[in-house]
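K.L.:
So you can see what is in the structure, the chains are spelled out below.
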Amino acid sequence: GENVEQHPSTLSVQEGDSAVIKCTYSDSASNYFPWYKQELGKGPQLIIDIRSNVGEKKDQRIAVTLNKTAKHFSLHITETQPEDSAVYFCAASKGGFQKLVFGTGTRLLVSP
Amino acid sequence: KAGVTQTPRYLIKTRGQQVTLSCSPISGHRSVSWYQQTPGQGLQFLFEYFSETQRNKGNFPGRFSGRQFSNSRSEMNVSTLELGDSALYLCASRRDEELFFGSGTQLSVL
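Order-wise, the sequence lines are chains A and B.
For the first sequence, the numbering used here begins at 1 and goes up steadily by one.
For the second sequence, the numbering used here begins at 1001 and goes up steadily by one.
Below 30 Å or equal to it, Euclidean Cα-Cα: the simulated DSS-like pairs (lysine-lysine) are:
{"hint": "1", "chain 1": "A", "residue 1": "Lys99", "chain 2": "A", "residue 2": "Lys57"}
{"hint": "2", "chain 1": "B", "residue 1": "Lys1057", "chain 2": "A", "residue 2": "Lys22"}
{"hint": "3", "chain 1": "A", "residue 1": "Lys58", "chain 2": "A", "residue 2": "Lys71"}
{"hint": "4", "chain 1": "A", "residue 1": "Lys58", "chain 2": "A", "residue 2": "Lys94"}
{"hint": "5", "chain 1": "A", "residue 1": "Lys71", "chain 2": "A", "residue 2": "Lys37"}
{"hint": "6", "chain 1": "A", "residue 1": "Lys42", "chain 2": "B", "residue 2": "Lys1013"}
{"hint": "7", "chain 1": "A", "residue 1": "Lys71", "chain 2": "B", "residue 2": "Lys1057"}
{"hint": "8", "chain 1": "A", "residue 1": "Lys68", "chain 2": "A", "residue 2": "Lys37"}
{"hint": "9", "chain 1": "B", "residue 1": "Lys1057", "chain 2": "A", "residue 2": "Lys99"}
{"hint": "10", "chain 1": "A", "residue 1": "Lys71", "chain 2": "A", "residue 2": "Lys57"}
{"hint": "11", "chain 1": "A", "residue 1": "Lys68", "chain 2": "A", "residue 2": "Lys99"}
{"hint": "12", "chain 1": "A", "residue 1": "Lys68", "chain 2": "B", "residue 2": "Lys1057"}
{"hint": "13", "chain 1": "A", "residue 1": "Lys71", "chain 2": "A", "residue 2": "Lys99"}
{"hint": "14", "chain 1": "B", "residue 1": "Lys1057", "chain 2": "A", "residue 2": "Lys37"}
{"hint": "15", "chain 1": "A", "residue 1": "Lys99", "chain 2": "A", "residue 2": "Lys37"}
{"hint": "16", "chain 1": "A", "residue 1": "Lys37", "chain 2": "A", "residue 2": "Lys22"}
{"hint": "17", "chain 1": "A", "residue 1": "Lys94", "chain 2": "A", "residue 2": "Lys37"}
{"hint": "18", "chain 1": "A", "residue 1": "Lys57", "chain 2": "A", "residue 2": "Lys94"}
{"hint": "19", "chain 1": "B", "residue 1": "Lys1057", "chain 2": "A", "residue 2": "Lys94"}
{"hint": "20", "chain 1": "B", "residue 1": "Lys1057", "chain 2": "A", "residue 2": "Lys42"}
{"hint": "21", "chain 1": "A", "residue 1": "Lys22", "chain 2": "A", "residue 2": "Lys71"}
{"hint": "22", "chain 1": "A", "residue 1": "Lys68", "chain 2": "A", "residue 2": "Lys58"}
{"hint": "23", "chain 1": "B", "residue 1": "Lys1013", "chain 2": "B", "residue 2": "Lys1057"}
{"hint": "24", "chain 1": "A", "residue 1": "Lys22", "chain 2": "A", "residue 2": "Lys94"}
By construction, these hints were calculated from the structure, which means they are not laboratory data.
If you're wondering where the values come from, they're calculated on a predicted model, not measured in any experiment.
Please take these sequences and the hints and turn them into a complete structure.
P.N.:
In structure tokens form, the structure reads like this:
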């Protein structure tokens, strides 16, 4: 079955710096790659997603890139702010109603 | 529109007991998924229900079971609790491919 690896497990940056979180997946049939953000005491919330027919997608300060050949996808956050501090999860699925397989999470800490 | 509601928020049980967790999805959502979250393991998929039928299943032992009612509300049951079952159990309802998570039930097994 699908396996998703995520790195790093923790990431500390200064406010205004950029942050990059990387994931790899194992199943070449996966075609949907969302990113979820989990704030303290809350459930994860979708922040951005990308499909296998697209190489990059941006939404304001966040962007996701996908390399299908290498089976890598990454989350990029620019101009980080303290409110970006949270746990971020990548995930992969074969689309439709297939289950989402999550990575192990990255705890991002943005210091003022 | 109300979000996904999970009850109870916290639960403390002892080894060998059983527990039932409840989840009410967003109105109109017919799919409910359950995940176990532990430090270092991320989100592990338990199962998904759609229209009262289990549609997907993860790799958990048979002690973990679930069901869905005609109003789309779902329950998850864990029998013969073990210390390793201590975790945050998250429920999510689904619209297309997007999951909407509740805040979870924090289960502690002593």
